[in-house]
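Read top to bottom, the protein sequences are chains A and B.
This note's numbering puts the first residue of the first sequence at 110, with every later residue one more than the last.
This note's numbering puts the first residue of the second sequence at 170, with every later residue one more than the last.
Warning: the hint list may mix true and false statements.
Using C-beta positions, here's what the derived DEER-type ranges look like [unchecked claim]:
#, chain 1, residue 1, chain 2, residue 2, range
1, A, Ala223, B, Asp229, 51 to 59 Å
2, B, Ala321, A, Gln163, 40 to 48 Å
3, A, Asp265, B, Lys295, 52 to 60 Å
4, A, Asn400, B, Lys295, 22 to 30 Å
5, B, Gly299, A, Thr479, 26 to 34 Å
6, B, Leu462, A, Val496, 38 to 46 Å
7, A, Leu305, B, Arg260, 33 to 41 Å
8, A, Ala223, B, Arg260, 48 to 56 Å
9, B, Leu233, A, Gly170, 40 to 48 Å
10, A, Tyr278, B, Ile394, 16 to 24 Å
11, A, Ala493, B, Lys295, 47 to 55 Å
12, B, Val266, A, Leu305, 23 to 31 Å
13, B, Thr333, A, Leu305, 37 to 45 Å
14, B, Leu179, A, Val496, 52 to 60 Å
Footprint (simulated), chain A over chain B, 3 or more residues, beta carbon under 8 Å [unchecked claim]:
#, region
15, 282-295
16, 426-435
FYI, nobody ran anything at the bench for these hints, they're computed from the structure.
All figures in this text were calculated on a predicted structure; none of them were measured in a lab.
The C-beta atom is built at its ideal place from N, Cα and C for all residues, glycine as well.
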Amino acid sequence: MHKLVVALAAAGLVSGVAFAQSSPLKIGFVGELSGPQAPLGQDQYDALMMVIEQNGGKLGGVPVQVIKEDSQLKPDVANQVVDKLLEKDKVQIITGVTFSNIMMAVHKKITDKAVFLIGSNAGPSPMAGAQCSPYFFSASWQNDNQAEVVGKYASDKGYKNVIAMAPNYQAGKDFVAGFKRSFKGGTVTDEIYTPLNQQDFSAELAQVASKKPDALYVFYPGGLGVNFVKQFQQAGLNKSITVMSTSTVDGSTLPALRDAALGMLSGTFWGPDFPNEANQKFVAAFEKKYNRIPSQYAAQGYDAALLLDSAIRKVKGKIDDKKAFHAALKAADFKSVRGNFKFGTNQFPVQDMYMFDVAKDAKGRVSLRTVAKPLVNHVDAYAAQCVMKAL
Amino acid sequence: MTTQLALSQLLNGLQLGVLLFLLAAGLTLVFGIMSFVNLAHGSLYMLGAYFGAAAFANTDSFVLAIIAAVGGAGLVGLLLDRFALTKLYARDHLDQVLATFGLILFFNELIRIIWGPSSVFISAPKALGGTIDIGGFTYPSYRFAIIAAGLAVALGLYVLIQKTRVGMLIRAGATNANMVAALGVNIKWLNTLVFALGAALAGLAGVMAGPIVSVQPGMGEPVLILTLVVIIIGGLGSIRGAFFAALIVGVVDTLGRAFMPTIMRSLMERSTADAAGPALASMLIYLFMAVVLAVKPQGLFPANVAATR
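Construct all of the structure, not just a fragment, from the sequences and the given hints.
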């Protein structure tokens, strides 16, 4: 009897302690988790959750609860789920956000509420410039970076005659503009814009073949990239024309393309073959857990998680002290998978940008291989327009 | 040089055309005979591509991939007809559209659950992976194979519909289903057969398109829209109409995309032309459809539908 009382008391005590700790820090995750672009959001989410799992359900030593919301690539849906996260769940941090149009629809309402937004993909230009906010940090890149690096590479290679191809929508035109901005010494002789829902590029590829350019710059994200690369390869053009791309051959499309993509070039900030220790650890852990090569979207989600981990640890979980938490985030005191990492004045990364080609890795799988580093400590083109408010 | 480009664009148009024909044949037969609007036809195309990709991944044989796609999609079509759609045949078109739209969502989600949201891998057979040199320009041999296979299927369908007893019943059913039933033909059995045949053709189109396009959830919807345009231009219920309309739509669409931007640029300033060219090119087939409907409201080759409801 006596024993039972003691046991009960002990149990009560334990559960009491557990209760004191059991209101975890809530973090909202918003991303594209359904539809054709779901692999992008899923990779961001998987990497975030992997870090939390490795840390025993904690970030920065504090138990966290991630509330996952699917924005379905619809700005109206994104608005609803963000409202829910802010009003009902009362989260103090939101991360993720896959597409730029979604980001543009929700960022202001989040940062106006003094809730921290850690973007792990989209980096639209207005947010890097005039609309920058102390509550927004990008763990990925400013959109134009990924096109600018390719333009610089094309200049370095001395290409004279380049044709650009992209879907006919805002991001497509932005990427081509970014490419042209940093492409010096040659000309973009033709720009081909295809309707966003067009699946077959045979007509356009025949045009390209007849014009015999030195190289082709393309931006075809997700399934469009799979279409493009397959058809380009089947047309036999990969023997005569160099393809330089943004978001076309990456971790999300290579499993569906395999050998068809060999030799194609891609410009971005990170590749799975980076030798730094943090990256080796990340790639090994991700492959073990999910049985696939991580994409850059996973790398971004992973870095966002590490950034949060470092900042939460610095303030010992007291993120109510916004000023201290902001300073801790700004310090970016973590080992990024991309090597060097620091934030610029607009709280976007100032980072090196690389070119990759598609090649077989050590295990014989088709993956990305680093070939050049055209841009070092690159600051995005909009940082000068940002007047950062003090917190 | 330009003639070669024009020729290769013509082949591109032809290739798109025969692929559209494979889809349109099934859809127009089902509409012609059962007066049934099947928006889920694009899902059968998607299923064909996935069945083919799964067989290809396991056996590395494109022939087996085709068999799996045709058989699998045909079987799904048969089951759909027997268990899900029979009750809808008597309902009006709005109910059918609603129900089959629901099926699109169902199949897209099902595929996502089984195969995941990313594209899956399937490639052209090795022998057809390269290009063929014809009179100074090269053309992908796989696309040639599609044209050949599509034309062969069209010929086979012609023989089936025009020269066999089953074909005669199908034609009779398209003209007056009640009369055929009254003459002692099991019209239910005929319906199921036609539906499964259409599904199998959609599956064939799916697996043949697999090496060209991204095999992913929702891949059937863009192509479904083109297919609907084809059967409307060709005349509802008419295989012959579907064949010619598919080729016309394929060629018009391709040539529009190929040459419209250049034409626009010679007419107006470049930045305006870059915006207007692709937009106008993608509108071209719809404009063509509007003209056809204005001149021949029944389509180019209407089936004999004198006595329909």
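Outcome of the hint check:
Checked against the hint of 51 to 59 Å, the C-beta distance between Ala223 (chain A) and Asp229 (chain B) comes to roughly 57 Å, which is consistent with it. Range check, Ala321 (chain B) to Gln163 (chain A): about 56 Å between beta-carbon atoms, so the 40 to 48 Å window is missed. About 36 Å separates the C-beta atoms of Asp265 (chain A) and Lys295 (chain B), a value inconsistent with the hinted range of 52 to 60 Å. Between Asn400 (chain A) and Lys295 (chain B) the C-beta distance comes to about 27 Å, which sits within the given range of 22 to 30 Å.
For Gly299 (chain B) paired with Thr479 (chain A), a C-beta distance near 30 Å keeps the hint of 26 to 34 Å intact. A hinted range of 38 to 46 Å is violated for the C-beta pair Leu462 (chain B) and Val496 (chain A), which are about 57 Å apart. Evaluation of the 33 to 41 Å hint for Leu305 (chain A) and Arg260 (chain B) yields a pass: the beta carbon distance comes to about 35 Å. The hinted range of 48 to 56 Å is satisfied by Ala223 (chain A) and Arg260 (chain B), whose Cβ atoms lie roughly 55 Å apart.
Separated by about 55 Å at the C-beta atoms, Leu233 (chain B) and Gly170 (chain A) break the suggested range of 40 to 48 Å. The hinted window of 16 to 24 Å between Tyr278 (chain A) and Ile394 (chain B) holds, with their beta carbons roughly 18 Å apart. Our hint of 47 to 55 Å for Ala493 (chain A) and Lys295 (chain B) holds, since their Cβ atoms are close to 54 Å apart. Here the CB-CB span from Val266 (chain B) to Leu305 (chain A) is close to 25 Å, well matched to the stated 23 to 31 Å.
Checking the proposed 37 to 45 Å range against Thr333 (chain B) and Leu305 (chain A) shows it holds: the Cβ atoms sit about 44 Å from each other. A C-beta distance of roughly 57 Å is found between Leu179 (chain B) and Val496 (chain A), which places it inside the suggested range of 52 to 60 Å. Counting residues of the region 282-295 of chain B whose beta-carbon sits less than 8 Å from any beta-carbon of chain A gives 8, enough to reach three: the coverage restraint holds. Closer than 8 Å: that is the beta-carbon criterion, and the region 426-435 of chain B has 3 residues meeting it against chain A, so the requirement of 3 holds.
Figure legend: structure checked against the earlier numbered hints; hints not met, in rising order: 2, 3, 6, 9.
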